[in-house]
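Peer 1: Now for the letters of each chain:
There are 4 protein chains.
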Amino acid sequence: MAEELSFPTGLGTSTPETISLLGQDLAADLMGKVGFGELAFWLVAGRRPSSSEVRLFEAVLVALADHGFTPTAIAARLTYLSAPDSLQGALAAGLLGGGSRFLGVTEDCGRFLAETLVAAGTERDYDVIALEAVKKAREQKKFIPGLGHPVHKELDPRTPVLIAIAEEEGLRGPHLRLFEAIGRVHPQVLGKTLPLNGAGVCGAALADLGLPTDLLRGFALLARAAGLLGQLAEERRRPIANQIYLTVDRNAVYEPRED
Amino acid sequence: MAEELSFPTGLGTSTPETISLLGQDLAADLMGKVGFGELAFWLVAGRRPSSSEVRLFEAVLVALADHGFTPTAIAARLTYLSAPDSLQGALAAGLLGGGSRFLGVTEDCGRFLAETLVAAGTERDYDVIALEAVKKAREQKKFIPGLGHPVHKELDPRTPVLIAIAEEEGLRGPHLRLFEAIGRVHPQVLGKTLPLNGAGVCGAALADLGLPTDLLRGFALLARAAGLLGQLAEERRRPIANQIYLTVDRNAVYEPRED
Amino acid sequence: MAEELSFPTGLGTSTPETISLLGQDLAADLMGKVGFGELAFWLVAGRRPSSSEVRLFEAVLVALADHGFTPTAIAARLTYLSAPDSLQGALAAGLLGGGSRFLGVTEDCGRFLAETLVAAGTERDYDVIALEAVKKAREQKKFIPGLGHPVHKELDPRTPVLIAIAEEEGLRGPHLRLFEAIGRVHPQVLGKTLPLNGAGVCGAALADLGLPTDLLRGFALLARAAGLLGQLAEERRRPIANQIYLTVDRNAVYEPRED
Amino acid sequence: MAEELSFPTGLGTSTPETISLLGQDLAADLMGKVGFGELAFWLVAGRRPSSSEVRLFEAVLVALADHGFTPTAIAARLTYLSAPDSLQGALAAGLLGGGSRFLGVTEDCGRFLAETLVAAGTERDYDVIALEAVKKAREQKKFIPGLGHPVHKELDPRTPVLIAIAEEEGLRGPHLRLFEAIGRVHPQVLGKTLPLNGAGVCGAALADLGLPTDLLRGFALLARAAGLLGQLAEERRRPIANQIYLTVDRNAVYEPRED
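Chains as they are written, first to last, in UniProt numbering: chain Z, 1 to 259; chain F, 1 to 259; chain G, 1 to 259; chain Y, 1 to 259.
None of these hints come from the bench; they were simulated from the model. There could be a bad hint or two in this list.
[To be verified] Distance windows between CB atoms, simulated:
{"hint": "1", "chain 1": "F", "residue 1": "Leu190", "chain 2": "G", "residue 2": "Arg237", "range": "28 to 38 Å"}
{"hint": "2", "chain 1": "Y", "residue 1": "Pro160", "chain 2": "G", "residue 2": "Gln243", "range": "39 to 49 Å"}
{"hint": "3", "chain 1": "F", "residue 1": "Arg138", "chain 2": "Y", "residue 2": "Asp125", "range": "37 to 47 Å"}
{"hint": "4", "chain 1": "F", "residue 1": "Pro187", "chain 2": "G", "residue 2": "Gln243", "range": "24 to 34 Å"}
{"hint": "5", "chain 1": "Y", "residue 1": "Pro256", "chain 2": "Z", "residue 2": "Arg250", "range": "43 to 53 Å"}
{"hint": "6", "chain 1": "Y", "residue 1": "Glu168", "chain 2": "F", "residue 2": "Lys136", "range": "52 to 62 Å"}
{"hint": "7", "chain 1": "G", "residue 1": "Thr193", "chain 2": "Y", "residue 2": "Arg236", "range": "33 to 43 Å"}
Quick caveat: nothing in here was measured; it's all calculated off a predicted structure. By construction, the Cβ of each residue, glycine as well, lies at the ideal position given by its N, Cα and C atoms.
Build the full structure now, drawing on both the sequences and the hints.
Peer 2: As C-alpha cells, this is what we get:
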C-alpha cells in the first residue's frame, strides 16, 4: 500500500551537512554554548530558559540526583551484578522504580498545587487557599503530597535552600508560595507539625518554572539517572550488591503460604 | 542469624538534620552552586571537575542528547502510547536500546583509543600509532569505532566543533589527538575517506576527561535520557506513535516461515 | 549493627542436596510432572490448579500471547535492532508497554467485574446486575472494560471459544456470566452493539479461576513474553525493524513547536 | 513521500472476522488445544513440537522458573515497592538481570556444546570430544559453562532428572551426551570433580530440541517471568522489600572514595 507519510517533529533533524535540534544548528549554536540542564529544560518546555531559570532548575536536579541506598539504587546495583555487560539494563532497572511511591512525590506535589490554585479561583491569600486544601484533604482522608519525611522529621534541609534560590532568582511563584502556606497552616488542621519535604518543594519549583505537571516525574528521573550512574560507578569500584544478595538469601526462611 | 552488616558508600547519606552527597552538605554546598552536568561528572569520577572540564563534558552531553527519530526514540514513544501512565517505563524502554549498535559507539571508540594508546608503549607520533591501528583492524576485518556515518558521509559537523572546544579549554589530549590522526591516515589503508563521527569524538573527549572507559556508555545514556524526555513531551503534545503503529500494522503481510 | 534478619518465603529455597519450590522437591516432584502453565498458576495463586483449571488458564495465555505488530512488538524489535547483545533488554522494552492502554484491559475487565459483583450484594440475576452497571458507567461517562474492539467490530472470535472452554471444564463462573450479560444488555443503554473483546473475556476467565485481580495484568505479561520471544526470533531471521526506523526517519518533517 | 511498504510476518495477523497465529486460526485451532509451553516453542522454533518435545521443554522451563531470592527476584521486589502501580516495570526490572552472569549460563552452555560439536568434525566418541574441549578451555584459562555450582557442590539434583526425562522421551541427543561426557572426563584435567549444574543441563536440552542457540537465554527469561510473578505475588501478600531496603540503608557507612 502506497501512502503519504509525514511525521512532524520540532526536535532533531539532519541533512548530510547539518544537524538541527530545536531549530538550532547543533554544532554551531548549541555545543559549548548551552549547558546540559539548559538543553533538558528547552527540550521539554519548548523554550529556552533564562539563566535564572537554569539555576533554579539545576538546583532541583542536584537536589533529586541521589538519596543514598534507595530501593531504586539497590535494584540498579543488583541488576548490574547479574548482567554486568548491560549498563543500560541496570540503569533502566533503577529508573523503573521511579513510580508512584518514591520519585512520584515531585510530580504529585506539583500537580496538587497546580490543581489547588486552579480551584481557588480569584482567592489570592495563600494561607486561605492552603487551609481550605488541607481541610479538604483531611476530610477525604488523603495525604498532602510533599508533607512529611521518614528521616527529616522536623526540617528537610533542601526546602529552605530551594525557596531561597527561587527568591534570589525572582522565581518564587504561586506554587512555591502555596506550598509554604501549607507548611504554615497544616498544624492547625492536622494537630501536628510536619516538614515540607525536598521532593515536594522540587515539584513546586518545577511547576513555578512553567513545566508541564504531567511530566514533572520526568525531571526526577533525569536527575536520578545521574545518581544511578554514580551508584553503578561505585558498584564497579567497590561492590556491595553481592553482599546484599547473600544477606537476603542466607536469611531466607521457608514459611508455607498460610491461606 | 545475627550479623554485622556494613555497606560502604562515598555517595549519599543522611541524618535527621543533614543530607550529605559526595562528602558535601547537599543543601548548603551543592544546591544552586553546582551545575547538573558538573554533579553528574563528580558522581561518576569521584572528583569535582574544573570549569573547563564541565564545558567540554556538557558539550558532549548536548551533542548526544537527541538524534531525531532514532530506534530508541521510536521505541520510547510506542511504549508511552501503550502505557501512558508509566513515564518511567517509556523512558526505560528508550534507554534499553542504548546497546552495542547505536549508543555503544561512544564507549567503543573511547575504549579502542585507550587500548591503542596503551599498546603503543613509548611511541609518541600519533600518525604512526594510528596507521598501525588501522592496518591491524583491517587485517582482523574489524571496523574502527567512530569512523563513518550513514548520513554525514563527508563530515560530521559535531566533530570539528568538539575538538575546537577541547582545544580552547586545554583538554585536547591523547585520545582526541589519536582520533584525529586516524582521520588523517585511514584513507591510505582503506582506500577511501570516511568522516570521524560525532559519537566517536564524544568518546575520545570523555576518555581525555579521565572518565572510566567502561562507563562511557553511561554518559551517552544520561544525555539520551534528556533527549527521550523531549521526545515524550512532544509525543504528549503532538502524538505520532499511533500513526507509526498503524503504518506497520496496515502493511503487515503474512508470509509463512520458509525453513 | 548486628541484627536478627529473617526473610520468609513460600517459594524457592535450597540446601546443598535439594531444591524446593512451593514446598515440593523441584527435581523429584515438579520437573517432568508439572506443566509450565500449571507452575505459573501455582506460583501466583499459591495452590495447584486442577487439570480443568490448567486447560482454561493455558487457553487464556494462548489467546493473549501475540497480536501481531502491536506497539509493544514493534518497540521490542526496535530495541533489539539497537542493542542486539541484550535480548533481555528487548524483551523488557516490549513488556514495558503492558500498561493501562493495551494489555491493561484484561486486568481492568477482571477488576470491573469483581467490583460489580461485590456491589451487587444479594442480587443473582446477571442481566439485572449488568444493566445497572452499564447504566452507571454511562452516567459517569466511563467505558466498560472489555467492550468494543478496533478491528473485530462485530465479534471477537476468541470470546465464544473461551466461554465454551470454561463451560466444558465446569468453570463458567460469575465473572464470565456477568460479562456475557453485559454483552446482552448494553445495546439497550448505549444504543449500539459492541463486541465482547478477547482481552476482556480473558480477564473474566482469570477472575473466575480465583486469581487475584490486582495481578491479572501479570498473566497478560507472561503470555506476551512468549509472543515477544516469537517476534524477536522472527526479527533475527527476517528483520524489519530497520525498515520501520527508516520509514519514520525518512518521513520526518521539521515543524517548530507552535505554542 | 509515498512508498510501498511491506512488513512480512509469519506470526500473527487478523481480519475483522478471524485472528491467525502461525498460520493457524487462533480461536478454532489453538485455544484450548495447544498448551502454553507448546505455543512458546512453536513461536520461536517455527514448528509445532511433538508431545515428547513439549514434556522436555516444559521440564526445562519448570527447572528455571524460580531460584529463590536471586538478585533478579530482589530487584523486582524493590522495584514493586517503589512503583506498585506498574507491575510491568517490576517484572521488567527483574528480567533485566537476565544477563551474562546469572541466567546467561543456559545460553552459554548450549552454545559451547554446539560449537564444540561442530569443531569435533567426524569424531563420534563423546569422551574424546569432551576431553579435548576441557583441555582447550583450561589452556585458555576459560571456564566451562555449566560446570560447578556455588550451593550444590556435589550434585545439582536437576541434572540427572532432566537427563532421565530426555532419555524417556527419546531426546537425549548429542548436546546432552557431550555435557554428560564433560561431567565424566573433567576431573582428570582439572584435578577436581565439579557438578554439572541445572542451568547448563537446561541449555544442553534446549540445544538438543533444535532451538536456536542465540535465543536460549530467551527461554530462561520466559521461565523466569513466571517465577518473578510468583515473587511479586508473594511480595504483595507478605512484603519483605522494605525490610531489605532498611537493612541496607541502616547499615550504610560513609567512606570517602580513596583514589
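Peer 1: Against this structure, judge whether each hint is valid.
Peer 2: So, going through the hints one by one against the coordinates:
Range check, Leu190/F to Arg237/G: Cβ separation about 32 Å, and the 28 to 38 Å hint holds. A hinted range of 39 to 49 Å for the beta carbons of Pro160/Y and Gln243/G is consistent with their spacing of about 48 Å. At roughly 41 Å, the beta-carbon separation of Arg138/F and Asp125/Y lies within the given 37 to 47 Å, and the hint holds. Taking 24 to 34 Å as the suggested C-beta distance range, the pair Pro187/F and Gln243/G conforms, at roughly 32 Å.
For the pair Pro256/Y and Arg250/Z, the beta carbons lie near 29 Å from each other, so the given range of 43 to 53 Å is not met. Range check, Glu168/Y to Lys136/F: about 53 Å between beta-carbon atoms, so the 52 to 62 Å window is met. Remark: the range hint 33 to 43 Å for Thr193/G to Arg236/Y is upheld by a beta-carbon distance near 38 Å.
Checked against the numbered hints listed earlier, the structure breaks hint 5 alone; every other hint is satisfied.
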